[in-house]
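Undergrad: Letter by letter, the chains look like this.
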Amino acid sequence: MGSRLTGRYRVRVSRPALNEARRLFPRVSDRMEVRRQALKLRFWPDSAPSTGTGQVLDLDWEWVKGLPFGDVGELRVHGTIAGNDNLRIIFHDGGGKLKDPLPNIWILRVFQKKRDDFSSNDLAVFKQRRRDVRRIFYGE
Amino acid sequence: MMGSRVESELLKWTKSIDGLAVDDETLRLFANLLCVYLGRDEEDQEGIASMASIVADPQADADEIQAALDTLRESLHSTAAAVDLGSEADLSAEERDVSGRMDAEEATFADRLRAVMGEKGISQVQLAEAVGVGQPAISMMLARECRPQRRTVEKLARALGVAPEELWPGCVDQFKKAELIRS
Chain P
-14 MGSRLTGRYR
-4 VRVSRPALNE
6 ARRLFPRVSD
16 RMEVRRQALK
26 LRFWPDSAPS
36 TGTGQVLDLD
46 WEWVKGLPFG
56 DVGELRVHGT
66 IAGNDNLRII
76 FHDGGGKLKD
86 PLPNIWILRV
96 FQKKRDDFSS
106 NDLAVFKQRR
116 RDVRRIFYGE
Chain G
14 MMGSRVESEL
24 LKWTKSIDGL
34 AVDDETLRLF
44 ANLLCVYLGR
54 DEEDQEGIAS
64 MASIVADPQA
74 DADEIQAALD
84 TLRESLHSTA
94 AAVDLGSEAD
104 LSAEERDVSG
114 RMDAEEATFA
124 DRLRAVMGEK
134 GISQVQLAEA
144 VGVGQPAISM
154 MLARECRPQR
164 RTVEKLARAL
174 GVAPEELWPG
184 CVDQFKKAEL
194 IRS
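Read top to bottom, the protein sequences are chains P and G. The working numbering numbers the first residue of the first sequence as -14 and each following residue consecutively. The working numbering numbers the first residue of the second sequence as 14 and each following residue consecutively.
Just so you know, the hints here were simulated from the structure itself, not pulled from any lab data. Treat the numbers as computed from the prediction; the structure is a model and nothing was measured.
Taking lysine to aspartate or glutamate pairs in the EDC-like style, the calculated list, with each CA pair at most 20 angstroms apart, reads:
id	chain 1	residue 1	chain 2	residue 2
1	P	Lys98	P	Asp15
2	P	Lys99	G	Glu77
3	P	Lys99	P	Glu59
4	P	Lys98	G	Asp76
5	P	Lys98	P	Glu59
6	P	Lys99	G	Asp76
7	P	Lys99	G	Asp74
8	P	Lys84	P	Glu125
9	P	Lys99	G	Asp70
10	P	Lys84	G	Asp97
11	P	Lys99	P	Glu47
12	G	Lys168	P	Asp70
13	P	Lys82	G	Asp97
14	P	Lys50	G	Glu77
15	P	Lys98	G	Asp74
16	P	Lys98	G	Glu77
17	G	Lys168	P	Asp45
18	P	Lys50	P	Asp102
Label pairs and their calculated CB-CB ranges:
id	chain 1	residue 1	chain 2	residue 2	range
19	P	Gln97	G	Ser17	47 to 57 angstroms
20	P	Tyr123	G	Val49	17 to 27 angstroms
21	G	Val19	P	Gly68	48 to 58 angstroms
22	P	Leu83	G	Arg109	27 to 37 angstroms
23	G	Glu22	P	Lys99	40 to 50 angstroms
24	G	Glu107	P	Gly68	13 to 23 angstroms
25	P	Arg(-7)	G	Lys133	29 to 39 angstroms
26	P	Leu83	G	Arg164	28 to 38 angstroms
27	G	Arg86	P	Gly124	17 to 27 angstroms
28	P	Leu87	G	Asp36	42 to 52 angstroms
29	G	Glu22	P	Gly124	44 to 54 angstroms
30	G	Ser152	P	Thr36	14 to 24 angstroms
31	G	Glu132	P	Leu83	43 to 53 angstroms
32	P	Arg12	G	Asp70	30 to 40 angstroms
All C-beta atoms, glycine included, are put in the ideal place defined by N, C-alpha and C.
Whole structure, please, built from the sequences with the hints as guidance.
TA: Given below as structure tokens:
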């Protein structure tokens, strides 16, 4: 499960998400474990995204409620990695505007969810990171 | 020329603003960043301002503040850079080594899963239903394209009536280690 060009999406990580993953998982083996889980996004979604929830292989995902875009989702990683449970990967479906050759799916944030619901600050961070991806890579 | 009280007041004025430590260097940095901010469109400015509000919010927790700082740094950048997660070209030697070990683990798991499915006469569709995933997930595991989560290994083992160790050697030790780190 490495560099082979399989799946429907190219999975890319924004710099803030990469930075927080390195902070959260200082050990290479843990980081690589999270990487393998995140790479399942290449096959997102198993079912139609219009349902707003579903599975990517053996991971659960759901659109983030509270954001108006309908293209920012939450991927849930079960179990514990490096002492962190309730791991969440927030992703953005970049859509078909940029294909090289596959459309891009962007990892915006990697973190340990400590509350049932996202706080208004969490949502503001997701929104701004999505904005930065759209500005930097899509020229919007 | 000046009284010591005035000199003291001036010194304080050059080192802080309303109680915040701000020397000339910090103020120069602020001026540069402010120019970047003013060069952005209204939507960007609004986003940058919202991140600054989180950083300054006494009610925000440490995770929120760090996330806002990381976001602010990106928002002020004009250059494009992102990592292609699927590319192994940028991996370090250590990361490639770990990746190779993971490939081997997944290959062993796929071989064992296929063997037990054959022994028990269970199809991919039946196993997928029992575990609560789609059939493509089982197919991808057998093709070494899907590294199962710990929970999935446990569910597969239960559905097949075998110990998790039979599918993923060493997994019990790995799970216990993960729990120990957590506790």
